[in-house]
Amino acid sequence: MDDKTKNIIQNHIDTNDVCLFMKGTPDAPQCGFSMAVSNMLKILEVNFKSVNVLEDQSIREGIKIFSDWPTIPQLYVKKEFVGGCDIVKEMYESGELKKVFSDKGINFKK
Amino acid sequence: MAMDLKEIEKFIKEAMPDASIEIQDLAGDGNHYSATVTSSQFAGKSKIEQHKMVYNSLKGRMGNELHALAIKTKEQ
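If you're matching them up, the sequences are chains A and B in order.
Note that our numbering has the first sequence beginning at 1, numbered continuously upward.
Note that our numbering has the second sequence beginning at 1001, numbered continuously upward.
One or more of the hints may lead you astray.
Unchecked claim - Lysine-lysine pairs mimicking BS3-like chemistry, simulated, CA-CA at most 25 Å apart:
hint	chain 1	residue 1	chain 2	residue 2
1	B	Lys-1059	A	Lys-64
2	A	Lys-23	B	Lys-1013
3	B	Lys-1052	A	Lys-64
Said to hold, decoys possible - Just a few of them, taken from the derived set where beta-carbon distance is under 10 Å, the chain A residues facing chain B:
hint	residue
4	Met-1
5	Asp-27
6	Ala-28
7	Pro-29
8	Cys-31
9	Gly-32
10	Met-35
11	Phe-66
12	Pro-70
13	Ile-72
14	Phe-81
15	Asp-86
16	Lys-89
17	Tyr-92
To be verified - Residues from chain B that face chain A, not an exhaustive set, calculated with beta carbons under 8 Å:
hint	residue
18	Lys-1047
19	Met-1053
20	Tyr-1055
21	Lys-1059
22	Gly-1063
23	Ala-1070
Bear in mind the hints are in silico, worked out from the structure with no lab data behind them.
Quick reminder that beta carbons are idealized off the backbone N, C-alpha and C, glycines included.
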């Protein structure tokens, strides 16, 4: 991954409290896993930034190296990698995701 | 690009010999699987670390030959 790509990714994560790297957009997701995470955030009414990795091949490959995680979607909250679809879904179902938002001072529907 | 269910199981088993593994071919297309992996090696590790252990056992195939593998990890 080149420095330019790394800086772009770092900047997205630094400037957005909740940042979701996904395939497609929340309104037009291009993959079921990306749609699932995006929908969970929507249901919780969390204000999040989405980055469509399909628009930029260097980010699509770069984010995998950046996070040391081979799949997309990837969710970051307050600069911390929370997980991919499986983990976020488990946390959503167990209530842990709400706890993360609450602990980190992110607004969501209680 | 597809991967056989038995092959996935073999790779995970190699990396985590004590693991019990349940794999399902979700769509019947050899491309979308779910795996439940139970192992004592997960003890004391975060979910992210646990999932990484499963990804690592597949030696770079995840996201390449293997398009979709939903993972559930359980500590034994």
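For each hint, the structure was consulted:
no., hint, verdict
1, B:Lys-1059 - A:Lys-64, "holds, 14 Å"
2, A:Lys-23 - B:Lys-1013, "violated, 31 Å"
3, B:Lys-1052 - A:Lys-64, "holds, 12 Å"
4, Met-1, "violated, 15 Å"
5, Asp-27, "violated, 22 Å"
6, Ala-28, "violated, 20 Å"
7, Pro-29, "violated, 14 Å"
8, Cys-31, "holds, 9 Å"
9, Gly-32, "holds, 8 Å"
10, Met-35, "violated, 13 Å"
11, Phe-66, "violated, 14 Å"
12, Pro-70, "holds, 4 Å"
13, Ile-72, "holds, 8 Å"
14, Phe-81, "holds, 7 Å"
15, Asp-86, "holds, 5 Å"
16, Lys-89, "holds, 9 Å"
17, Tyr-92, "violated, 13 Å"
18, Lys-1047, "holds, 5 Å"
19, Met-1053, "violated, 12 Å"
20, Tyr-1055, "holds, 5 Å"
21, Lys-1059, "violated, 11 Å"
22, Gly-1063, "holds, 4 Å"
23, Ala-1070, "holds, 5 Å"
Of the numbered hints listed earlier, those contradicted by the structure are 2, 4, 5, 6, 7, 10, 11, 17, 19 and 21.
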